[in-house]
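Visitor: Sequence:
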Amino acid sequence: MLYEFCAENFERVPAAIKAGASRIELCDNLAVGGTTPSAGVISATVNYVHGHDARVMCMIRPRGGDFHYNQDELRMMEMDLGLAVSAGVDGLVFGCCKPCAGGWALDELTLGALVMAAGCATEECKRESIDITFHMAFDQLSPEAQLDAIDTLADCGVTRILTHGGAAGTPIEDNLEHLSRLVEYAGDRLAILPGGGISTANRDTVAAALGVSELHGTKIVPLEV
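FYI, this note's numbering numbers position 63 of the sequence shown as 71, with every residue one higher than the one before it.
Among the clues, some could well be false.
[Unchecked claim] When the alpha-carbon atoms are kept at most 16 Å apart in a straight line, the in silico EDC-like pairs for lysine to aspartate or glutamate are as follows: (1) Lys134 - Asp98; (2) Lys227 - Glu19; (3) Lys227 - Asp212; (4) Lys106 - Asp156; (5) Lys106 - Asp74; (6) Lys227 - Glu16; (7) Lys26 - Asp61; (8) Lys106 - Glu116; (9) Lys26 - Glu232; (10) Lys106 - Glu81.
For the record, the hints were derived by calculation from the structure and aren't laboratory data.
Let's have the full structure, built from the sequences with the hints guiding it.
Guide: Okay, structure coming up:
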């Protein structure tokens, strides 16, 4: 089982690696759901994590709030992801939605621009490939729209989707049925990465119920308070 620890800056990264995390999702400002960390934090984390045979996924998000970005914000994200790739991260974490009748839809234009920018940055750094995680912006979509989004994200080359399987704050156990549906629908096209409310107390139960090989959280490995 791969445990991805969601880290706010570098401070708890060494302890998380020691406790069994083999991948770090690196963010800043988790109070708003995570934003892009600084270049210095990215560099320090990559150096440490790679020295301990683990991987780093870097959040690319210019602000808190919704996941609908204007052109200025898109340019910021493209620049930030280029810096992250050049710093040696193993993957990028981003998501984008747009308003639609009755809620939110996948913003395919912004998604395409970000995926293309990631590909260009990877090529410029002479790297073969880089992972892309579509984050919990996915949970803003309706259940049926999520299935269509899986098709689009898989076609775009997205590696995995981070999802709680339901509204924020709901117990993960209440969302297992829907998460199972997502896992089955995605098949081997991309990975479904459950997160939100998963801890050392319930991680084995969640993994067994869903048959997944990756889990995400801030409490996914045992850390001293």
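Visitor: Does each hint hold? Answer for all of them.
Guide: So, going through the hints one by one against the coordinates:
Distance restraint check for Lys134 and Asp98: the Cα-Cα separation of roughly 13 Å lies within the 16 Å cut-off, and the hinted pair is therefore satisfied. Simply put, Lys227 and Glu19 have alpha-carbon atoms about 15 Å apart, close enough for the 16 Å limit, and the pair holds. Of the pairs offered as hints, the one joining Lys227 and Asp212 holds, with about 13 Å between alpha carbons and a cut-off of 16 Å not exceeded. For the suggested pair Lys106 and Asp156, the alpha carbons sit about 15 Å apart, so the restraint of at most 16 Å is met.
For the hint linking Lys106 to Asp74, the alpha-carbon distance of about 9 Å falls within 16 Å, and the restraint holds. For the hint pairing Lys227 with Glu16, the CA-to-CA distance comes to about 12 Å; that is within 16 Å, so the pair holds. Distance hint between Lys26 and Asp61 is fulfilled; the C-alpha atoms sit about 11 Å from each other, no more than 16 Å. Our distance criterion of 16 Å between C-alpha atoms is met by Lys106 and Glu116, whose separation comes to about 9 Å.
As the CA atoms of Lys26 and Glu232 are separated by approximately 12 Å, the hinted pair is consistent with the 16 Å bound. Pair hint Lys106 plus Glu81 holds up; C-alpha atoms about 14 Å apart against a cutoff of 16 Å.
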